[in-house]
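Residue numbers (my numbering), protein chains in the order written: chain B, 7 to 401; chain G, 7 to 401; chain H, 7 to 401.
These are computed hints drawn from the structure, not numbers from a lab.
Only a predicted model underlies this, so the values are computations on that prediction, with no experimental measurement involved.
Backbone N, C-alpha and C fix where the C-beta goes; we use that ideal spot for every residue, glycine too.
Careful, some of the hints might be misleading.
Claimed, not checked - The following label-pair restraints were derived from C-beta to C-beta distances: (1) G:D250 with B:H135: 41 to 49 Å; (2) B:W355 with G:G270: 20 to 28 Å; (3) B:G92 with H:G283: 22 to 30 Å.
Read off the chains here:
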Amino acid sequence: MNGNVKEFHLVAEPVVREMAPGFKVNMWGYNGQSPGPTIEVVEGDRVRIFVTNRLPEHTTVHWHGQRLPNGMDGVGGITQPQIPPGKTFVYEFVARRPGTFMYHPHADEMTQMAMGMMGFWVTHPKARHPLIAEVQRDFCFLLGSFDVEPGSATPKVNTMTDFNTWAFNSRVFPGIDALNVRRGDRVRIRVGNLTMTNHPIHLHGHEFEVTGTDGGPVPRAARWPEVTTDVAVGQMRQVEFVADEEGDWALHCHKSHHTMGPMGHAVPTMIGVDHRGIAEKIQKLVPDYMVMGDKGMADMGAMEMPLPDNTMPMMTGSGPFGPAEMGGMFTLLKVRRDQRPGDYRDPGWFKHPAGTVAREVPGDSAPPATSPVTPAAGVPDASVRKPSGHGGHAH
Amino acid sequence: MNGNVKEFHLVAEPVVREMAPGFKVNMWGYNGQSPGPTIEVVEGDRVRIFVTNRLPEHTTVHWHGQRLPNGMDGVGGITQPQIPPGKTFVYEFVARRPGTFMYHPHADEMTQMAMGMMGFWVTHPKARHPLIAEVQRDFCFLLGSFDVEPGSATPKVNTMTDFNTWAFNSRVFPGIDALNVRRGDRVRIRVGNLTMTNHPIHLHGHEFEVTGTDGGPVPRAARWPEVTTDVAVGQMRQVEFVADEEGDWALHCHKSHHTMGPMGHAVPTMIGVDHRGIAEKIQKLVPDYMVMGDKGMADMGAMEMPLPDNTMPMMTGSGPFGPAEMGGMFTLLKVRRDQRPGDYRDPGWFKHPAGTVAREVPGDSAPPATSPVTPAAGVPDASVRKPSGHGGHAH
Amino acid sequence: MNGNVKEFHLVAEPVVREMAPGFKVNMWGYNGQSPGPTIEVVEGDRVRIFVTNRLPEHTTVHWHGQRLPNGMDGVGGITQPQIPPGKTFVYEFVARRPGTFMYHPHADEMTQMAMGMMGFWVTHPKARHPLIAEVQRDFCFLLGSFDVEPGSATPKVNTMTDFNTWAFNSRVFPGIDALNVRRGDRVRIRVGNLTMTNHPIHLHGHEFEVTGTDGGPVPRAARWPEVTTDVAVGQMRQVEFVADEEGDWALHCHKSHHTMGPMGHAVPTMIGVDHRGIAEKIQKLVPDYMVMGDKGMADMGAMEMPLPDNTMPMMTGSGPFGPAEMGGMFTLLKVRRDQRPGDYRDPGWFKHPAGTVAREVPGDSAPPATSPVTPAAGVPDASVRKPSGHGGHAH
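The following block holds chain B by itself, in its conformation from the complex:
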């Protein structure tokens, strides 16, 4: 505090982020980290932010979603001069409305966001607000995408769509902590997207509502029940739910490539290719030759494949039942009933009650394939089905 004013200091600078254990990337961030520190204030606070530029090029900070004087909006060239390297600028405004915000450069924006420059901002309501619920847990993350060539450490900044590293808070699974909650907690997750594409964020085992955006709280009557909310670029979504199902529930982007590590995208398919007899011949010439992908990619989850230094595997991580075959934008919501109040440390893997895990049965006990499963209604395409009114199902 400086008198009535809450003061903050952001230093824009190069940082090294360990995106997952052993995988370090040269980023640009704030105060030694990417994303920068989360700024938390209360509605009505007067805020003064000093921004020092230790990058090799000029920058600015745009306070995304805020009501503020036009000259504090941070659009380089338009609303202010750029902040040259080595200089400090000061921004000052009142945090006029409560909610979920972010900050990021509006100067050489493509490059600076591709390098990881972004941060979260939460303005808490001053008083009880009819559309802002009390929650027991309040998480936030920013979605980022990077194009880091295997074996290198600095993102390619011109990439528009062909990214290979998809991050929550500039980290990738298995380098992302779980979200640990107690059963019955009301949970809020705040998400902002600064990539180049939509990310449909999907939660297992629960339904949620979007209760607010960077534009403000969503009226109750306007809320939809969802299990997947599509977060567009430059959008923020505040989702809420009561965590009433115990277990380890996946929380991830539903685009299958965004829960994977780096790979080539223009690769011929090997599925169904019969390598028998060929591999032996090739191995006479190339002793390390491996047959890969003819049966799918699942083997890669457990594979010890030689990789270039400082490179994430395509699939990695493991759970209590074996390799998780994931990467990128993936983590777990861990719901437990027996944690002590206030203890939100990682509880380890869920202990399933007896008989509640999918299990192997002898093959011949299975009913035949002509079982009562409804075939796709006889049509080879859009399944035409019977009216679905109550009691009207087909069995």
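Given chain B's structure and the hints, the job is docking chains G and H onto it.
Chains G and H in isolation, oriented as in the chain B frame:
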């Protein structure tokens, strides 16, 4: 039924799908088909599903959107062991809430969904539900994308964005049935997206509402009128409308490339190139040489171009008035008033009442180009227009 | 007017569009422009539209979102014969519902929209409508994307994702006019998307609501507060707000590449590469050799780099404080209180009240980096934060 339990059996296995007449693709699916069979149950049903793995690699099944015990959630490695090839696992849970769901693997997910592994699940309400309407017609389809090289038959599984085959229920136009309804029917279309990008599903001639998602029914006050709903990856949308306009109405993804067959995307433009004199010279050397694309692509709708075996044309299909120049995610909603109740066979092409089809007129009867069309308001960009209050139009 | 009928004439034809000063592109459009003229009518008007085809290939016009006889829907081959080059067809229908619409071809659609064929349509309400507000300013623009190789002038029509020119009304910044309004005006912006991807349209300094779609007005209770609305392909969004903050506010697509000019997307990163000593050696061989990108891209905003003829720079435009480093889908909302009623000419740059612009301060006056900024909560990933109830902030 086995006692109180509804039993189903899914066999995960390689299948051959004829995506359109003459175009067969090697997929992976369930019970001989891709998508797998649609599972229909009633709210409150206890369901037991045997899953036999006849794929060359391990798999699991995730019951997307369901409330269930954590160990039945199907996330390989995290909530259960993978199902090895040749083995059968059993899942069991109660279908606790009515709605629109899907199932798909959560094991080597990128590969297995790229190969077509997915299926629909509908849970009908047990009793009349205030937010679930009675409908006369209830259709469902899953959106899939494949990258099948012209002349080949197995999808490339590493492709992230550059797909060439966009499917409803693993079929492409003109291999997709029409949605046949009677005028006045209340129609529900359930759509789920398991591709790598958003699909804006557009219906001609009617407005609709999204009445539910995989998270549950949408409250009435929260529904928007739409003609195009954007279905994000991992989302399901249940749209409803009264089919009150007779005719053959297009229903398609509005991304123009998603209603096309395979083509190269990095092709120089030929529009406006003058080939005169050149073609003849080239044909002396290459007798089959054709001039293509200098006037646009419309000729390809009718063209008998030599294609590699097992390859879809770029544009295909035809209607009562000639080539439709379509492909991929495209079909028709056929609304008729004179069908007998319960007869939902394809009624053929719409017979337009006299004078209701756009028709040729002699060129000189047309008003001059300086007619009352409002020019784009004098500005070369964002058109600034007059207030649009009632009666306030510019003519 | 022709009797009771409002007549219009659209001529589909090649046009040259100056997308920004000095950058001319060979497009296809209507009546000499792309987008074509905006058609404005009043609810209940009977409309007759003559369409003359002066393109080298056939075309049709689809009246996106309209209720009309099936034969007037404009789907070539399906609902009408294609309009051959040189011919005129006539469409006739009643504009049955008020709202925001567009028109575009439904014939060789991919090519014709890639060439710029599209137009806006507004149907004003006949009488005061409870969900359609009176506004003082009503803007409209269509989103288009083009792939114009540097040095060329005709778009590549097969491109699916790798576009390089992102346009509002077929213009790119700095070739786009500002949206000029008076403080206190209620402003409506109507946007339609005919590209191949979602465009999240972001406004600075204000919150807005989506008040209507091409499906009709959005009920009040269903509206969300937003600062960024995601406009999917084939969707139209009508956003409204009261312009109550003076200044020059950015209005743009939030995808960072969509506010840039053409560039290569598969470029190695130069950030952090030390060229010292190398540049001199290369310049002995290649006198024009420049070191670029080792410090980021910001220099390019001011750079006079030799470009091929008829090529947009990657970053361009300038504001009162220097280069804006923008391009593509970017413009400004200029809010002024002192304009005379009805005077909506561009007011020039905003004159900021004293002390309201971010300003340089001596570096040593800044608090140290260990200031009260909340670090990202100690976890390297999803930030776990304290309850956010009123008064519950961490400071």
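Right, here's what the structure says about each hint:
{"no.": "1", "hint": "G:D250 with B:H135: 41 to 49 Å", "verdict": "holds, 43 Å"}
{"no.": "2", "hint": "B:W355 with G:G270: 20 to 28 Å", "verdict": "violated, 48 Å"}
{"no.": "3", "hint": "B:G92 with H:G283: 22 to 30 Å", "verdict": "holds, 24 Å"}
The structure fails to meet hint 2 from the earlier list, while all remaining hints are met.
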